[in-house]
Amino acid sequence: EADIYQTPRYLVIGTGKKITLECSQTMGHDKMYWYQQDPGMELHLIHYSYGVNSTEKGDLSSESTVSRIRTEHFPLTLESARPSHTSQYLCASSELGDKTGNTIYFGEGSWLTVV
Amino acid sequence: QKEVEQNSGPLSVPEGAIASLNCTYSDRGSQSFFWYRQYSGKSPELIMSIYSNGDKEDGRFTAQLNKASQYVSLLIRDSQPSDSATYLCAVKGSWGKLQFGAGTQVVVTP
Numbered sequence: 001e002a003d004i005y006q007t008p009r010y011l012v013i014g015t016g017k018k019i020t021l022e023c024s025q026t027m028g029h030d031k032m033y034w035y036q037q038d039p040g041m042e043l044h045l046i047h048y049s050y051g052v053n054s055t056e057k058g059d060l061s062s063e064s065t066v067s068r069i070r071t072e073h074f075p076l077t078l079e080s081a082r083p084s085h086t087s088q089y090l091c092a093s094s095e096l097g098d099k100t101g102n103t104i105y106f107g108e109g110s111w112l113t114v115v
Numbered sequence: 001q002k003e004v005e006q007n008s009g010p011l012s013v014p015e016g017a018i019a020s021l022n023c024t025y026s027d028r029g030s031q032s033f034f035w036y037r038q039y040s041g042k043s044p045e046l047i048m049s050i051y052s053n054g055d056k057e058d059g060r061f062t063a064q065l066n067k068a069s070q071y072v073s074l075l076i077r078d079s080q081p082s083d084s085a086t087y088l089c090a091v092k093g094s095w096g097k098l099q100f101g102a103g104t105q106v107v108v109t110p
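Going down the list, the protein sequences come from chains A and B.
Each residue of the first sequence is one higher than the last, beginning at 1 in this note's numbering.
Each residue of the second sequence is one higher than the last, beginning at 1 in this note's numbering.
Below, in silico cross-link-like pairs of lysine-lysine (DSBU-like), each with a Cα-Cα straight-line distance of 35 Å or less: (1) B:Lys67 with A:Lys31; (2) A:Lys57 with B:Lys67; (3) B:Lys42 with A:Lys31; (4) B:Lys97 with A:Lys17; (5) B:Lys97 with B:Lys2; (6) B:Lys56 with B:Lys42; (7) B:Lys56 with A:Lys31; (8) A:Lys57 with B:Lys42; (9) A:Lys17 with B:Lys42; (10) A:Lys18 with A:Lys57; (11) A:Lys18 with B:Lys97; (12) B:Lys97 with A:Lys31; (13) A:Lys17 with A:Lys57; (14) A:Lys31 with B:Lys2; (15) B:Lys42 with A:Lys18; (16) A:Lys31 with A:Lys18; (17) B:Lys67 with B:Lys56; (18) B:Lys42 with B:Lys97; (19) B:Lys56 with B:Lys2.
These are computed hints drawn from the structure, not numbers from a lab.
Please model the entire structure based on the sequences and the hints provided.
Here it is, written out as structure tokens:
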């Protein structure tokens with residue numbers, strides 16, 4: 001069972017507010033990810049990190065930003081939330097390297113609603 | 001063409017029957033293949049991983065890989081209502097990047 005935690009699980013916030021979604025993992029994984037998924041739709045990678053001080057943009061353009069100051073922590077920030085940001089945000093992690101066993105493990109997700 | 005393709009479904013399966021899910025991928029150099037299950041409103045959870053051609057069995061689940069045909073499948077035997085979910089195929093390509101399919105929705109009917 002994966003030890004990856006996301007807070008808050010559910011958030012309703014007004015337009016223009018700044019929000020930070022927290023993600024922490026206790027597995028010592030170097031690589032971490034943020035995916036965005038609308039209900040019934042496919043996963044889209046929006047950010048990933050190979051390790052401390054490494055952040056990369058994913059396949060889907062996002063107005064959010066991320067930081068990786070500690071190995072276990074990978075927060076996602078929206079400076080000014082808009083209704084179009086309403087979605088589920090999934091944090092994930094995996095070991096670094098090209099080993100075939102590098103499975104991605106997901107947190108429980110953060111549901112964001114911007115009104 | 002998407003890098004990982006799955007039929008979106010829904011795939012309706014009678015309880016106790018075998019559910020067969022298919023996935024094709026475009027990167028011939030892909031080496032790692034994963035099946036995730038995602039219940040509605042929940043996050044994906046890993047069911048199976050497979051790296052070599054052939055079959056891999058784990059309980060009621062069997063993954064089948066054919067790299068020559070760029071095809072990976074998942075069989076669910078003795079399907080139960082609790083198997084009703086969306087099943088995501090994920091493929092780690094030759095560049096080390098994991099690509100997810102859009103998922104196949106499975107509905108097991110009593």
